[in-house]
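Novice: The lines below spell out each chain.
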Amino acid sequence: MAADIWTALFIALLAVFTGYEVISRVPVLLHTPLMSGSNFIHGIVLVGGIVALGLATNPAEEAIGFIATVMGAMNVTGGYVVTERILAMFDRSKRKGGTP
Amino acid sequence: MSAWIGDTIDAVYVVAVLVFVLGLKAMSSPVTARRGIVYAGIAMLIAVVVTFFSPGLSNFGLIALGVAIGGLGGWYWARVVKMTAMPQMVAMFNGMGGGAAAAIAGVELLSSLSNTATSSLSVAGAIIGSISIAGSMIAFLKLQGWMPSKAIVLPARQVVNAAVLVIGVASGVLILVTSNLFWLLPFYVLLLLYGILLTLPIGGADMPVVIALFNALTGIAVALDGFALVNGPLGDAGYAMVIAGTLVGASGSLLTFLMAKAMNRSVSNVFFSAFGATEETGVTMKGSLKPIEATDVAAMMEYANQVIIAPGYGMAVAQAQGKVKELADLLEAKGVPVKFAIHPVAGRMPGHMNVLLAEAGINYDKLFDRDEINAEFPNTDVVFVIGANDVVNPAAHRQGSPLYGMPILDVEQAKNVIVNKRGQGKGFAGIENDLFYRDNCHMLYGDAQTAVGKLVSALKASG
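Those sequence lines, one after another, are chains A and B. Under the working numbering, residues 1 to 100 are what the first sequence spells out, in order. Under the working numbering, residues 1 to 463 are what the second sequence spells out, in order.
Honestly, the hints are just simulated from the structure, not real lab data. Where is the CB? At the ideal position from N, CA and C, for every residue including glycine. Honestly, I wouldn't trust all of these hints.
[Stated by the list, open to error] Facing chain A, from chain B, some residues (calculated, C-beta under 10 angstroms): (1) Tyr-13; (2) Val-21; (3) Gly-23; (4) Ser-29; (5) Ala-68; (6) Met-92; (7) Gly-98; (8) Ala-117; (9) Phe-227; (10) Asn-231; (11) Gly-235; (12) Ala-244; (13) Ala-262; (14) Ala-360.
Make a model of the complete structure from these sequences and hints.
Specialist: What follows is the structure in structure tokens.
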């Protein structure tokens with residue numbers, strides 16, 4: 001039972017170092033997409049929302065699980081679209097770059 | 001039968017997590033960044049879809065409805081909003097994630113109160129998620145302009161805030177100790193209130209730090225929920241949440257510290273000092289503010305060896321980035337090199353200026369970080385400051401100033417400095433700007449859009 005939590009803790013420790021290493025050299029230019037992109041990635045919370053709502057057995061759990069699912073879905077799609085739009089602009093400015 | 005379904009779902013989660021890491025990694029270079037988010041998006045889509053097939057789920061109608069409402073709402077909203085509103089959109093969607101984490105923790109508390117480990121982790125996730133959603137919403141309201149963006153300081157706020165937090169957390173402990181679900185109510189109310197109180201005294205210019213921190217907090221809340229879920233019947237969704245949440249928590253924390261460091265302040269100073277609520281007094285300025293006409297500025301730029309543009313929040317407010325691009329193109333056509341000096345905390349979110357200039361179509365090769373460009377100012381004929389104030393204030397070099405020690409753009413060292421500003425007011429920090437009184441500095445008053453527009457017409461008129 002509790003063994004699962006210890007396993008998760010080991011995994012989390014490794015994820016801390018991964019997160020740190022992966023972005024520690026990001027240039028200022030990309031701070032916004034990075035933040036927005038990580039904002040999208042914690043949208044994985046939607047999976048938790050679906051599980052919570054899917055396993056709910058009474059109206060109170062269902063109501064709160066539903067709220068979690070709506071918010072999580074909003075986090076995922078909104079976070080994705082915002083990031084994609086920001087990065088699309090960097091793409092465009094690269095192509096149009098220089099003097100016309 | 002259901003074993004292979006479970007294994008397939010696990011395999012998909014593993015791949016999704018791998019792609020998230022690679023996607024984040026791709027975001028460290030402008031060339032690969034867009035690919036990164038697309039891959040991460042596909043991985044997320046697949047992870048969400050396979051979760052539907054988890055054994056033992058019910059309420060499919062409600063799930064589909066919730067995903068449809070939230071998903072379409074978020075998609076539509078993020079699509080139609082203007083690029084200038086990006087900081088508040090990031091705050092808003094981050095808040096949604098925090099709220100979802102707080103709500104999932106609530107369901108866990110309702111359903112598995114008997115399991116102490118799960119419940120404790122749920123309480124922790126609920127605390128952080130609630131603070132994140134409430135704080136993010138206040139940040140959203142301030143950035144959107146639906147609430148004054150200056151620091152709002154309530155009387156005795158340190159004591160009140162601490163009391164709200166302590167009683168809120170104590171209610172959470174009471175849920176665990178007494179197993180009485182009545183305590184859920186004060187628990188959530190007080191923690192949401194704490195998130196609000198925490199963010200009210202933070203002014204607009206500190207928002208880059210605030211947004212980065214709440215992003216990290218949501219990540220941590222998601223990871224804590226994941227810890228709570230790994231004990232449940234569908235524990236593998238929990239592992240995916242632990243990894244993705246921790247990844248965001250770590251990278252978000254790093255970004256938060258980078259932002260605070262760019263202002264030479266600690267994260268706790270940003271949150272607890274109500275910076276900018278008081279004005280510096282007793283400092284008298286030598287010299288005078290010298291207004292200048294757009295035609296004179298245009299002539300000055302036309303014959304400059306190089307023009308460096310230092311944009312700030314004023315450019316964002318006036319949405320002048322398109323005009324700025326026109327100005328830069330005209331000057332380059334006349335053989336005057338143009339560069340952009342970007343301070344890490346200029347604007348309202350990390351990298352805000354880069355986004356706006358990219359939107360206008362300015363090549364990111366022309367954008368330079370503070371450390372890269374500071375050495376160039378002494379050899380530059382004209383520096384054009386557009387709606388930036390504190391990040392170019394030489395008071396940062398004067399001991400005793402509230403800005404003392406903040407690394408700034410040393411624009412004062414250029415031969416001529418032109419400052420575009422709407423009026424004679426002080427910057428966010430409430431500090432007089434020494435720069436404006438320097439002999440080599442002239443003021444081009446007016447809204448950035450109008451002022452830069454006049455420069456463009458003047459340059460066009462001169463052929």
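Novice: All hints are to be evaluated individually against the structure, with a verdict given for each.
Specialist: Each hint, compared with the structure:
no., hint, in the structure
1, Tyr-13, "8 angstroms, holds"
2, Val-21, "6 angstroms, holds"
3, Gly-23, "7 angstroms, holds"
4, Ser-29, "8 angstroms, holds"
5, Ala-68, "8 angstroms, holds"
6, Met-92, "7 angstroms, holds"
7, Gly-98, "8 angstroms, holds"
8, Ala-117, "6 angstroms, holds"
9, Phe-227, "5 angstroms, holds"
10, Asn-231, "6 angstroms, holds"
11, Gly-235, "6 angstroms, holds"
12, Ala-244, "4 angstroms, holds"
13, Ala-262, "9 angstroms, holds"
14, Ala-360, "8 angstroms, holds"
The structure shown violates none of the earlier numbered hints.
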